[in-house]
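Asks: Could you slot chain E onto chain W? The hints should help.
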Amino acid sequence: MTAISCRHIISMDDLSAEDITTILDTAESFKEVNERRIKKLPTLRGRTIINLFLEPSTRTRTSFEIAAKRLSADAINMTGSSSATVKGESLRDTAQTLSAMACDLIVVRHRYAGAPQVIVECMEAHVINGGDGLHQHPTQALLDLFTIRQHAGRLEGLTVGIVGDISHSRVAGSLVPALRKVGATPVLVAPPTLLPARPDILGAEVATSLDEVLPELDISYLLRVQTERAEDMPFPSLREYARFYGMNETRLAAAKPEMLVMHPGPMNRGVEISSAVADSPRAIVLDQVNAGVAVRMAVMYLLLGGEPHGAAA
Amino acid sequence: MALLLRNGRLIDPAVGLDAICDMIVGDGRIVEIGEDLTIPEGEIIECAEKVVVPGLVDLHAHLREPGREDEETVASGTRAAAHGGFTAVCAMPNTLPVCDTGSKVRFLVERAEETGVVRVHPIGAATVGQRGETLAEIGDMAAEGAVAFSDDGRGIQSAGMMRRVMEYGMAFDAIVVSHCEEESLVRNGVVNEGAVSTRLGMPGWPAAAEEVMVDRDIRLAELTGCRLHLAHLSTAGSVALVRAAKERGAPVTAEVTPHHLFLDEDVLGPSYDTYLKMNPPLRTSSDRAALLDALLDGTIDCVATDHAPHALHEKEMEFELAPFGTTGLETALPLIITNLIEPGVLDWADVVRLMAHGPREAFGLSPVCLGSGSVADVTVIDPEAKVEVCKEWFVSKSSNSAFNGAMLLGRATEVLVEGRFALKNGKVVD
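Going line by line, the protein sequences match chains W and E. For the first sequence, the working numbering begins at 1 and goes up steadily by one. For the second sequence, the working numbering begins at 1 and goes up steadily by one.
Honestly, I wouldn't trust all of these hints.
Quick list of in silico lysine to aspartate or glutamate cross-link-like pairs, DMTMM-like style, CA-CA up to 25 angstroms [claimed, not checked]: (1) E:Lys397 - W:Glu124; (2) E:Lys315 - W:Glu89; (3) E:Lys397 - E:Glu316; (4) E:Lys315 - W:Asp93; (5) E:Lys315 - W:Glu55; (6) E:Lys315 - W:Glu124; (7) E:Lys315 - W:Asp74; (8) E:Lys391 - W:Glu121; (9) E:Lys427 - E:Glu41; (10) W:Lys39 - W:Asp74; (11) E:Lys391 - E:Glu316; (12) E:Lys397 - W:Glu89; (13) E:Lys391 - W:Asp93.
Think of the hints as simulated: they come from the structure by calculation, not from any bench.
This is chain W alone, in the form it adopts within the complex (with noise of 0.2 angstroms):
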């Protein structure tokens, strides 16, 4: 039997409420393993990960890689480019290639969506998709889940609003659905050109107006606003974006005396979340970074057959 319900973790649609649950519990115990001196188990001795990054990242990948590491598999890095005409490789040709060389889980990031899908249909490796295109970040979204849990202590019936750049965030794609399935409330908060088409579909609320929803919000999940694209920028600065999305003191004092406020990094200090709020109490950001190698470690550790909760024994 294996411990969760799914071969490959691909998007949150794989995952059931259970699993999730065994998911977070699971990654309790190594959370714990994090906080020793010697933070390393044997658990995966002798297994190969292999984070594929064909987009840059290293925060995500850094987080895998110390997973891996601290389970004691064998984790190499691949990075490249995701565009076959760059790269001279198709994407089918890289998953032969280290299936070739017998790997038991790859973590694939990747530019477009659906890239992972591909990695499972040319290998016989477990995949997690460590996020593809505007699609889904799967394990950023438990990784968040287990923040929530850890802070508020529970997860059924609190009300999640997600503001900022949704369209072009996978971050979204995972968190909605994730918090769908946990009994959470989600709310989009966004000007419309940053919302996708049919934010329903994904089985979110949707808001324009932050200070109009605030006051309801257990949790402000503040998305990082891309600032690189100076022309085509779907909103006409960053000091608008600021007045009316920004996380703030004012804002802040106008929401719940308990809302937390959250971030996936890497934030922008004084566009989406200001200084003093970044580095108040309310945020739990680095919490968050914190809970990543932990669920992380969970799921390797569940993909490969472990059995739950009893990690760290």
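Replies: Chain E alone, transformed into the frame defined by chain W:
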């Protein structure tokens, strides 16, 4: 040598014909139609249980020659056309190089004469290099045999440029074929904008990006008087615009593809199947219903395949990188028979209207009919033949069909082009 097609059900609404009878073909023409005909010597084809119609024409095929002969050639593409029941195909100009001068049109005409098995009517580019910036030599191309002009594959982004194409083209009775895609709205969209783009996390291609250009080009056709043909309509909104335009008497015709008629965005799922990536994208089920209504009420004049062969290694790329398009020449007729004739949505006279007369009228091609004296471009169809759509079925060099795996009913068994077999007993005749 004379040829007798015996006991077929001959259908041609243009001459009010729907009867089981015989047809004699000689010297490239239909000699006689009647009952119990005989020929002193020659070949007899038994057509009992078969349907005999004027030769089918596809207004929209990508034959890829010159430039991408690995995907298709005039030789392989015309063989695929014959296999699919077509006696003629119109070749889109987005080749390498783009077919945008008279000499390039002449190349295609000569290539078709040397290597083709059905008629090839070249479509010339409307602007140089299909870049949408300067007029291509429309008169030169028309003189060499181009039957229409299009930047198909891309929309002409500037309304002013489109007006110029239409106005100038009028001097040569040009028919302008519009690929309606407003790029500032499509951007990097790859699937219909809506539920599926949201669920699968892919950039959306909104219906409005087609409709604003359909509307624009209809208005420009009314302004200039130029004959406009709208390629591969995909949305309910486009259909409504064309319907209204036709009521006003605008000089507009329109086509729909089998894949937009028989597939919608709901077939796209977590497999990210690139064979379902089209331009324009597969739309919603209600768009599909509107296209079918438009086919029935005459708003849409013809079915066209948008046959788009692609190399396997390119279609195997990530969905957002893979090229747009499906092959279509060899599945169009079986799909129409299976999905529209069998359930009784269309009758055979409609098929003749939509696949034989409609396309010829839209592009001003020489008419044919099932009547003595007509050029013998004829398609014989076995409506009961089973077709399994798979790699082995295709004569085309490419097999990137959105319908792979489908079990269909009905296919062409004979194709006569000016009285000469291009397809006989289901096999392409070289």
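Asks: Now tell me if each hint is right for this structure.
Replies: Checked hints:
1. E:Lys397 - W:Glu124: Violated. Lysine 397 of chain E to glutamate 124 of chain W sits at ~32 angstroms, over the 25 angstroms cutoff.
2. E:Lys315 - W:Glu89: Holds, because 14 angstroms separates the two Cα atoms, which is no more than 25 angstroms.
3. E:Lys397 - E:Glu316: Holds, at roughly 16 angstroms.
4. E:Lys315 - W:Asp93: The hint holds at about 14 angstroms.
5. E:Lys315 - W:Glu55: holds, 21 angstroms
6. E:Lys315 - W:Glu124: holds, 22 angstroms
7. E:Lys315 - W:Asp74: violated, 34 angstroms
8. E:Lys391 - W:Glu121: Status holds; Cα separation ~20 angstroms.
9. E:Lys427 - E:Glu41: holds, 24 angstroms
10. W:Lys39 - W:Asp74: holds, 15 angstroms
11. E:Lys391 - E:Glu316: holds, 16 angstroms
12. E:Lys397 - W:Glu89: holds, 24 angstroms
13. E:Lys391 - W:Asp93: holds, 22 angstroms
Checked against the numbered hints above, the structure breaks hints 1, 7 and satisfies the rest.
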